[in-house]
Amino acid sequence: MTERLIAAKNRAERSAAFNGSRVIPLKFGDDPQVWACWLYYEDRLTQGEIAEAMGISRATVNAYLADARERGIVNITLDPQRLASLTIAQELKRHFGLHDCLVVPSSEPAASLIGRLGAAGSLVLRQFVRSGDTIAVGWGRTILSVAAATSLTGLQDVRVVQATGSVTTGQPDSPEICAARLAAAIHAECVPITAPSIVSSSVMRDMLMAEPLIQSQFEALSQASRALFGVSSLRPNSTIHSSGFFDHAPLQTYLALNAVGVIAGRFIDVQGRAVRGPLDDRTLGISLDDLRGIERRIAVAGGIDKVPAILGTLRGGFADILVTDAATGKALLEADGAKELNRPTQRAQADPGRPAEVQRRHVKKFLNNPDDIVDEMLDGASRAHSGHLEPVPGTRRAFMALEAPHEGKVGLVVGGGSGHEPCFLGYVGQGMVDAVAVGNVFSSPPPDPIAKAAQAVSGGEGVLFIYGNYAGDTMNFEMAAELVQAKGIPVRTVVTTDDIASSRAEDRDGRRGVAGNVLIFKVAGAACDKGWLLDACERVARKANQHTYTMGVALEPCSMPQTRRYNFTIGPQDMEVGVGIHGEPGVAREAIQSADAVVDMVMNRIFTEMPSQSGDRVAVLVNSFGSTPLMELYVLYRRVEQRLKTKGLTVEARWVGHYCTSLDMVGASISVMHLDDELAELLAHPCDTPFFRVG
Amino acid sequence: MQDLGSKRLIRMFSQAAMAIDAQRDHLSDLDGAIADADHGMTMSLGFRAVTSALAKLGAEASPSDVFRTAAGAFLDAVGASTGPLYASGFLNAAKHLDGLDAVDPAAMLEGIASGIAARGKGSRGEKTMLDVWLPAAEAAQQATRENPAELWTYVRQAASDGAESTRTMIAVRGRAARVGERSIGHIDPGAVSALLIVGAMADTFGDADLAI
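Chains as they are written, first to last, in full-length UniProt numbering: chain A, 1 to 695; chain B, 1 to 212.
Mixed in with the good hints, there may be bad ones.
Below, in silico cross-link-like pairs of lysine to aspartate or glutamate (DMTMM-like), each with a Cα-Cα straight-line distance of 25 Å or less [said to hold, decoys possible]: (1) B:Lys121 x A:Asp507; (2) A:Lys365 x B:Asp25; (3) A:Lys647 x A:Asp688; (4) B:Lys56 x A:Asp336; (5) A:Lys543 x A:Glu652; (6) A:Lys365 x B:Asp104; (7) B:Lys121 x B:Glu164; (8) A:Lys487 x A:Glu390; (9) A:Lys543 x A:Glu590; (10) B:Lys121 x A:Glu556; (11) B:Lys7 x B:Asp76; (12) B:Lys121 x B:Asp203; (13) B:Lys121 x A:Asp305; (14) B:Lys95 x A:Glu482; (15) B:Lys56 x A:Glu482; (16) B:Lys95 x A:Glu478; (17) A:Lys645 x A:Asp600; (18) B:Lys56 x B:Asp21; (19) A:Lys647 x A:Asp574; (20) B:Lys121 x A:Glu652; (21) A:Lys364 x A:Asp574; (22) B:Lys121 x A:Glu506; (23) A:Lys364 x B:Asp25; (24) A:Lys364 x B:Asp29; (25) B:Lys7 x B:Asp104; (26) A:Lys364 x B:Glu164; (27) A:Lys487 x B:Glu146; (28) B:Lys56 x B:Asp101; (29) A:Lys543 x A:Asp688; (30) A:Lys365 x B:Asp29; (31) B:Lys121 x B:Asp76; (32) B:Lys95 x B:Asp29; (33) B:Lys121 x A:Glu478; (34) A:Lys487 x A:Asp535; (35) A:Lys93 x A:Asp372.
One side only, chain A facing chain B, incomplete, derived with CB under 10 Å [said to hold, decoys possible]: (36) Ala335; (37) Phe568; (38) Gly571; (39) Pro572; (40) Glu584.
For the record, the hints were derived by calculation from the structure and aren't laboratory data.
All C-beta atoms, glycine included, are put in the ideal place defined by N, C-alpha and C.
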């Protein structure tokens with residue numbers, strides 16, 4: 001008997017000493033499973049030792065331990081990120097019948113995804129490339145990243161062959177460079193394909209294919225036992241567009257044929273079928289059938305824009321080993337209808353003792369007829385703020401400042417859906433917004449009220465439109481601009497894109513406009529008020545937008561007046577990071593954290609994007625989404641200012657409160673405007689509106 | 001003969017309005033999964049405005065008058081993104097039907113689809129209403145060539161396949177684009193409402209007993 005067993009046994013026996021049998025020590029209650037677990041997990045006895053100590057059979061110990069897991073007495077946790085990746089990899093392998101699958105955890109920023117996929121791809125190569133293999137290699141950023149991450153020695157007689165002909169000279173991730181880099185990394189012979197990937201005619205292709213040199217290169221390709229390739233989507237942001245590939249191909253033709261992606265220079269649809277098109281007879285490279293015939297086919301690809309293309313790749317059997325990231329993997333499974341993955345961090349705790357909370361179907365609201373809510377709100381607001389604004393003649397959905405139009409000044413017109421009060425109506429008045437057009441809840445106003453508002457506040461120097469970057473607003477404001485310009489009034493437009501969580505930094509123009517709007521309106525309104533020309537007003541509004549960074553976090557969703565129901569759900573322990581001001585789900589859902597941790601997360605993102613230096617000045621807006629009280633906003637602001645101070649940044653101006661809400665959403669956003677002299681001066685310019693006053 | 005095409009068209013709009021009203025909450029729920037849950041409301045408002053505007057239309061109105069009226073009413077009622085899109089679609093359909101007394105289904109569908117595509121600068125595969133309208137328009141043209149008697153069967157099938165295909169797509173347009181991969185697996189609400197309209201068209205125009 002080992003010492004620790006003796007000790008355990010002694011403990012057990014001591015506690016049972018009075019009745020002379022091995023009864024359960026008092027501290028375990030009357031639960032032998034808890035006792036067994038204690039001995040196993042805390043005292044680290046073996047199952048045999050436990051059987052001895054408890055006076056039961058080993059089989060019973062084993063059953064106790066298993067039951068304890070079932071009952072949740074014992075919870076075993078793995079690092080959730082790793083576990084999620086592992087679970088997704090297993091599920092992908094099973095669902096798509098893959099030979100193997102490796103999933104890297106998803107994380108921001110997206111730029112490093114390529115690097116992590118490359119590292120994972122090199123692991124797969126290490127495992128699956130043997131001496132004597134011929135590897136057909138594709139091209140693209142991801143494949144180049146695999147090559148860069150790979151260093152293999154000790155392999156003999158390995159050849160790396162280009163899977164396709166070559167592309168535009170100067171392309172850093174071209175087929176020829178990818179093949180050469182990979183060959184060097186594994187000390188293999190490199191076989192290039194010394195012909196273009198796409199040629200001008202089928203005749204030219206046939207001639208080239210008849211050349212002995214090229215024939216020998218294709219001969220090597222036909223012997224491939226391994227394939228390594230990336231998957232290209234046809235989405236506008238895909239690098240394939242800058243590769244010179246579509247210099248030859250009518251992209252629209254392929255889209256109309258339902259192509260979703262390109263692998264090894266060949267188009268496929270989402271079902272994994274080859275898409276026949278005008279390039280087929282002009283392409284030099286491996287055919288899809290030959291690709292499918294290769295023994296091991298490794299696809300390395302990640303990014304949600306590639307999901308349809310990767311689906312096609314897997315469904316068509318073009319890859320049997322997949323390297324991807326967790327978000328993409330999860331999306332692949334969801335798109336293919338695989339059953340939803342269990343969230344490992346949230347084990348359902350059955351608790352039959354307590355009746356489930358009755359789910360309330362409707363949120364309480366002050367309502368008459370819900371269909372009338374916007375008109376009734378506008379009626380009330382225009383009465384409440386009659387000292388600042390009045391209806392625009394001829395429409396019930398536009399309001400203008402009492403002072404407008406200002407002769408000889410640019411008119412500032414903003415607008416958007418309702419539900420964001422005090423946006424946008426609350427900023428109409430002297431020195432800020434001249435007129436607003438208001439739409440239905442979370443819906444852009446139609447062109448008519450926008451155009452009427454613009455005409456009403458035109459002071460002869462043109463009109464500036466500023467609105468958030470949303471599909472609906474853009475179309476309606478564009479149509480309104482056409483109407484107004486047709487009447488001889490010049491119109492300029494600045495679309496706000498301050499929400500840094502809504503899209504990657506390279507895609508600034510694709511971001512949505514959120515609470516930072518208010519600061520941008522203020523700057524533009526001051527420029528108009530100072531009598532600047534339309535050009536200058538537009539320029540400074542654009543600059544204000546570029547200098548403004550916002551990110552929001554929601555704790556609870558918002559409910560629509562018409563349905564009185566929440567328009568999305570957030571789990572009891574979760575928060576939605578990067579939420580939009582229409583309650584659009586954010587970009588990530590995470591476990592809720594302390595106020596300071598949330599601020600730190602947001603500020604870290606802002607600091608990553610904002611090119612500031614110690615000594616610079618900023619303006620800050622801490623905004624409630626509707627139901628978060630000022631008390632909590634101040635807690636957030638406190639930390640925001642601490643973080644700015646430690647960066648050496650001066651808070652020149654700050655606003656804390658309800659500025660751009662999302663009905664009754666619980667949550668807040670933080671906006672930082674990076675100031676220069678001009679922006680600082682315009683922000684400080686006096687204004688007087690119902691919800692924004694300076695001076 | 002002249003008023004029969006317009007009457008049918010007006011009846012089609014009223015059927016579509018009813019179908020959309022009946023599915024209003026469902027459409028909003030679908031929208032809530034990936035965007036801001038207002039689609040049912042928006043479509044219902046728009047089609048109600050269309051039917052009440054069409055009710056005021058004189059008996060001599062041509063099919064293209066009907067579409068023009070619908071476009072104006074829809075646009076003034078809703079704004080949002082659906083407003084300009086359907087308004088442009090209906091307006092373009094009106095252009096395609098100019099001078100016609102009867103409704104040419106292929107011209108009507110082609111007009112709607114290309115009008116929406118031009119306004120939204122969209123194409124298929126982007127998880128939008130175009131994934132219904134474009135295939136529906138193509139099916140109508142194919143049927144006109146191959147099997148005119150079965151035109152609405154072709155169109156219905158293409159529209160329904162198109163709506164279903166949005167499940168595997170990633171939204172790249174509108175608010176749904178912001179949720180990225182989380183849009184996958186969800187059918188697009190705009191495609192579903194488009195399918196309801198196509199269904200109303202097929203019901204109204206595909207009924208052989210009422211053939212002109």
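Tested hints:
1. B:Lys121 x A:Asp507: holds, 18 Å
2. A:Lys365 x B:Asp25: holds, 18 Å
3. A:Lys647 x A:Asp688: Distance of about 33 Å is beyond 25 Å: violated.
4. B:Lys56 x A:Asp336: Answer violated: lysine 56 of chain B to aspartate 336 of chain A is near 48 Å, above 25 Å.
5. A:Lys543 x A:Glu652: holds, 18 Å
6. A:Lys365 x B:Asp104: violated, 48 Å
7. B:Lys121 x B:Glu164: Roughly 22 Å between the alpha carbons, so the hint for lysine 121 of chain B and glutamate 164 of chain B holds.
8. A:Lys487 x A:Glu390: Holds. Lysine 487 of chain A to glutamate 390 of chain A sits at ~23 Å (cutoff 25 Å).
9. A:Lys543 x A:Glu590: Violated, at about 33 Å.
10. B:Lys121 x A:Glu556: Distance ~35 Å between lysine 121 of chain B and glutamate 556 of chain A Cα, so the pair is violated.
11. B:Lys7 x B:Asp76: Status holds; Cα separation ~23 Å.
12. B:Lys121 x B:Asp203: violated, 30 Å
13. B:Lys121 x A:Asp305: Holds - the C-alpha atoms of aspartate 305 of chain A and lysine 121 of chain B are around 19 Å apart, at most 25 Å.
14. B:Lys95 x A:Glu482: Distance ~20 Å between lysine 95 of chain B and glutamate 482 of chain A Cα, so the pair holds.
15. B:Lys56 x A:Glu482: violated, 28 Å
16. B:Lys95 x A:Glu478: Between lysine 95 of chain B and glutamate 478 of chain A the Cα gap is close to 21 Å, so the pair holds against 25 Å.
17. A:Lys645 x A:Asp600: holds, 13 Å
18. B:Lys56 x B:Asp21: holds, 21 Å
19. A:Lys647 x A:Asp574: violated, 30 Å
20. B:Lys121 x A:Glu652: Status violated; Cα separation ~42 Å.
21. A:Lys364 x A:Asp574: holds, 23 Å
22. B:Lys121 x A:Glu506: holds, 21 Å
23. A:Lys364 x B:Asp25: holds, 18 Å
24. A:Lys364 x B:Asp29: holds, 19 Å
25. B:Lys7 x B:Asp104: holds, 14 Å
26. A:Lys364 x B:Glu164: Status violated; Cα separation ~35 Å.
27. A:Lys487 x B:Glu146: violated, 48 Å
28. B:Lys56 x B:Asp101: holds, 19 Å
29. A:Lys543 x A:Asp688: holds, 23 Å
30. A:Lys365 x B:Asp29: Distance of about 19 Å is within 25 Å: holds.
31. B:Lys121 x B:Asp76: holds, 21 Å
32. B:Lys95 x B:Asp29: violated, 35 Å
33. B:Lys121 x A:Glu478: holds, 13 Å
34. A:Lys487 x A:Asp535: holds, 19 Å
35. A:Lys93 x A:Asp372: violated, 53 Å
36. Ala335: holds, 4 Å
37. Phe568: Constraint on phenylalanine 568 of chain A satisfied, holds at 6 Å.
38. Gly571: violated, 14 Å
39. Pro572: This interface hint is violated because 19 Å lies over the 10 Å limit.
40. Glu584: holds, 5 Å
In this structure, the hints that do not hold are numbers 3, 4, 6, 9, 10, 12, 15, 19, 20, 26, 27, 32, 35, 38, 39, in rising order.
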